[in-house]
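Given chain A's structure and the hints, the job is docking chain B onto it.
These are the residues of each chain, in order.
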Amino acid sequence: MNAKARNLLVPSALAIVALFLIFAPLTFHRYGLYISSQWAVMTIAAIGLNLTLGYAGQVSLAQGAFVGIGAYSAAILTTHGWPLIAAIALALVLCFAIGWLLGYPALRVQHHYLAFVTLAFSTLAFLVFRNESWLTGGTEGIDSVPRPSLFGFSLAPHLRYYYFCLFVLALVTLATLGLVRSPWGRAFIALRENPIRAMSLGVDTRRYILMAFAIGSALGGLSGALYAPLVGLVEPPAFALTLSFDLLMMVIVGGAGYFIGPFVGAMIAVLLPDWLRFLDRYYLILYALLVMALLIYSPTGLVGVADRFFIRRRTKAASTARAALSASMESEGA
Amino acid sequence: MKTVLEVANLKKSFGGIAAVDGVSFDVREGEILGIIGPNGCGKSTLFNCILGQLAPSEGEVRLDGHVTTGMRPCDLNRLGVSRTFQLLQIFPKLSVRDNLILAAQEHQGTMLGRLFGRRDAGLAEAAKRMIAFFKLDHLADEIAGGLSYGQQKLLDAAMAFMSGPRLVLLDEPAGGVNLTMLANLKDRLKAFNEERGATFVVIEHNMDFVMSLCSRVLVLAEGKVLAEGLPTDVRANPAVIEAYLGH
Numbered sequence: 001m002n003a004k005a006r007n008l009l010v011p012s013a014l015a016i017v018a019l020f021l022i023f024a025p026l027t028f029h030r031y032g033l034y035i036s037s038q039w040a041v042m043t044i045a046a047i048g049l050n051l052t053l054g055y056a057g058q059v060s061l062a063q064g065a066f067v068g069i070g071a072y073s074a075a076i077l078t079t080h081g082w083p084l085i086a087a088i089a090l091a092l093v094l095c096f097a098i099g100w101l102l103g104y105p106a107l108r109v110q111h112h113y114l115a116f117v118t119l120a121f122s123t124l125a126f127l128v129f130r131n132e133s134w135l136t137g138g139t140e141g142i143d144s145v146p147r148p149s150l151f152g153f154s155l156a157p158h159l160r161y162y163y164f165c166l167f168v169l170a171l172v173t174l175a176t177l178g179l180v181r182s183p184w185g186r187a188f189i190a191l192r193e194n195p196i197r198a199m200s201l202g203v204d205t206r207r208y209i210l211m212a213f214a215i216g217s218a219l220g221g222l223s224g225a226l227y228a229p230l231v232g233l234v235e236p237p238a239f240a241l242t243l244s245f246d247l248l249m250m251v252i253v254g255g256a257g258y259f260i261g262p263f264v265g266a267m268i269a270v271l272l273p274d275w276l277r278f279l280d281r282y283y284l285i286l287y288a289l290l291v292m293a294l295l296i297y298s299p300t301g302l303v304g305v306a307d308r309f310f311i312r313r314r315t316k317a318a319s320t321a322r323a324a325l326s327a328s329m330e331s332e333g334a
Numbered sequence: 335m336k337t338v339l340e341v342a343n344l345k346k347s348f349g350g351i352a353a354v355d356g357v358s359f360d361v362r363e364g365e366i367l368g369i370i371g372p373n374g375c376g377k378s379t380l381f382n383c384i385l386g387q388l389a390p391s392e393g394e395v396r397l398d399g400h401v402t403t404g405m406r407p408c409d410l411n412r413l414g415v416s417r418t419f420q421l422l423q424i425f426p427k428l429s430v431r432d433n434l435i436l437a438a439q440e441h442q443g444t445m446l447g448r449l450f451g452r453r454d455a456g457l458a459e460a461a462k463r464m465i466a467f468f469k470l471d472h473l474a475d476e477i478a479g480g481l482s483y484g485q486q487k488l489l490d491a492a493m494a495f496m497s498g499p500r501l502v503l504l505d506e507p508a509g510g511v512n513l514t515m516l517a518n519l520k521d522r523l524k525a526f527n528e529e530r531g532a533t534f535v536v537i538e539h540n541m542d543f544v545m546s547l548c549s550r551v552l553v554l555a556e557g558k559v560l561a562e563g564l565p566t567d568v569r570a571n572p573a574v575i576e577a578y579l580g581h
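Residue numbers (our numbering), protein chains in the order written: chain A, 1 to 334; chain B, 335 to 581.
Excised from the complex, chain B in its bound form:
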């Protein structure tokens, strides 16, 4: 299978602290890679370095074989890379529909064209389909800030998919979501992966969620790769049990 993302010897230091310390891995097309590890092991910093939010101290990131290290997040997004954040990041004063349209409008035509083009940038139908896909139909015209936390999490995820990305990096999508909502979210992510062939990298602490969703798992500890493999193998790995899962 084709490699979509390659991370080579990535390092990020803050002063004397190495938050990410020589991490290397790759992600193949259509797979769901889980990244787990204790708090402070560098998972989110790794995401931020891959996605241009932080400049890595060393190392390289490649997308489809092309170096993207240091590229701006908006340019990476236009190359088909999308993300969610650990903390909820929606636009609370816009409606659910407008949040979704915003999530894809910059992929439509030129900047000048968007100024004189249609208000919905031709995305009203796509937004409607996405709203239905994430079962948010009854909330389409609600102001996003008025939704429950779980509904906002679904919207956050839906926004990441709106532009039809090939690679989506999800930072703790299950955090703070109740069991019903979580099942819905997992179901939607699986459907996206199977139906549209999207590739995911998922940071998550909820082990049941990771084990049931991911095809491969990478374990980080103190900024380094501790283990990598199939979910069942990782779960049984003594070093992982010692460092993260516990007995």
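Pulled out of the complex, with its shape left as it was, chain A reads as follows:
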């Protein structure tokens, strides 16, 4: 493939995906639209976790809790007459601040110890959702969360709400792309690969760790704020630890540290169980086996498989070029 074709490949593929995401749902029924919206919403949370875990290398089992905080913020505020945009803004700020604070333990502990700290936070958040009935409605949760209107335009119909979620996902995608392509993205990768060396090169690892947690958590909160009007009901079990594990799986299966990993991972996690429902009670077994087989074959996830393929091709091409250069130098010497 020549350079011109290669340069066209990525934009063409992105254009096809964008067209599919815009036009395909026009043919979907109510359930298809619900699943598609759920994919968009969960992808936002997975993008946040991918920033924290995939790029910056900070293990977090708390992303589900941030989705919950965002969802409850939106549910509480919108049922009290606040506009959804204001609720989203508040959820973002709240989750950013809590995520920043949750980052402090990461300055002292790493890996599985950090996983346990974030797991404890997740459990704590669940207990607040379930027990603080005066605020969260307790085990009953909060129902009849309204879908918003934007500039007098109702987003209650499923198709319109799907487009709203897709629009927010597009904004998040562009913002995240800008972030990972900025010097911050390089600093996050340095943090993940070699924090000691990063620090010796002037990277303030403390600030970047806190920012990785805060931004990732804020995206979790944004996802939750979109989730509440989508489902119309927020209740504690939806934001239990299993959601954090699901989001972790989306990032790992898609490919942690790859930009498109969360998109692919969320698609697998949201759509595959649905596609396998014809297997009735065996679908979860097959689903688990497929995920296990994938991770054994490619620990870097689905995007990692493609990446390995392209790296192999590039290495082969570079080796051929070097061999040709050596041969020409030898012949010149002779």
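It is worth saying that the hints were derived from the structure and are not from the lab. Certain hints may be false.
[Unchecked claim] With a straight-line Cα cutoff of 30 Å, these simulated DSSO-like cross-link-like pairs (lysine-lysine) come out:
id: 1; chain 1: B; residue 1: 427; chain 2: B; residue 2: 469
id: 2; chain 1: B; residue 1: 558; chain 2: A; residue 2: 316
id: 3; chain 1: B; residue 1: 462; chain 2: B; residue 2: 520
id: 4; chain 1: B; residue 1: 558; chain 2: B; residue 2: 524
id: 5; chain 1: B; residue 1: 558; chain 2: B; residue 2: 345
id: 6; chain 1: B; residue 1: 462; chain 2: B; residue 2: 427
id: 7; chain 1: A; residue 1: 316; chain 2: B; residue 2: 469
id: 8; chain 1: A; residue 1: 316; chain 2: B; residue 2: 427
id: 9; chain 1: B; residue 1: 462; chain 2: B; residue 2: 524
Given the structure is predicted, the values throughout are model-derived calculations rather than measurements.
Using the frame of chain A, we list chain B on its own:
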């Protein structure tokens, strides 16, 4: 000549073991100081204490007369102090160019400014010059993890120089590097010292490398300074021969 670095009575103990035991020395502007000594004599621990990677048990480190003891490595780096490590420390998944840009990007503007600024933080030209200086031109876009060990050593050293430091501490830069690469590395270090006036402190076991590069040598043994002086004097010192060089 102005004193850049002063180390005064520095001590570092791990439990009952004194890895660095009252070391004092200073480094003058533009000089290349070599630190030699047998394995386990505290050379790398001394570096780590100077550079904030480890907190010293006692003593003081001064940079340009200001106390920097306990300062974080990233803050010291911003004051113009850079280092390499005994074991290779590059970012294997980034390209050679990105490794170099990363090595200096935190010196450009504010953290918020870097978020909204240019991807290369305005360092693409500087990275290109550094790549050419270390003769890595043909590898600029290669992933660093795919380079040979010697090339990675050169990249490691280049990263330490990327931010234009005044003082560079090099921990065994010649370790595991073949003779051709070693000559190239020495040549580059000398050029940096002469052309840009950078000051070096070099830990090294390769005596030929130390003798031909350094203007002064400090010998450590069991965490203490055993000898200090010109390379030829140190080489002829009976105590140094006994403790380290051998007959």
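Hint by hint, here is what the structure shows:
A C-alpha spacing of about 21 Å is found between residue 427/B and residue 469/B, which places the hinted pair at or below 30 Å, so the restraint holds. Our distance criterion of 30 Å between C-alpha atoms is broken by residue 558/B and residue 316/A, whose separation comes to about 52 Å. Between residue 462/B and residue 520/B the CA atoms are separated by roughly 20 Å; this keeps the pair inside 30 Å, and the hint holds. The straight-line distance between the Cα atoms of residue 558/B and residue 524/B is roughly 28 Å, inside the 30 Å bound, and the hint therefore holds.
Under the criterion of a C-alpha separation no larger than 30 Å, the hint pairing residue 558/B with residue 345/B is consistent with the structure, at around 9 Å. Taking the CA atoms of residue 462/B and residue 427/B, the gap is about 19 Å. The hint holds against a cut of 30 Å. At roughly 23 Å between alpha-carbon atoms, residue 316/A and residue 469/B fall within 30 Å of each other, so this suggested pair holds. Between the alpha carbons of residue 316/A and residue 427/B the distance comes to roughly 18 Å, so the proposed pair stays at or under 30 Å and holds.
For the given pair, residue 462/B sits about 20 Å from residue 524/B by alpha-carbon distance, which is consistent with the 30 Å threshold.
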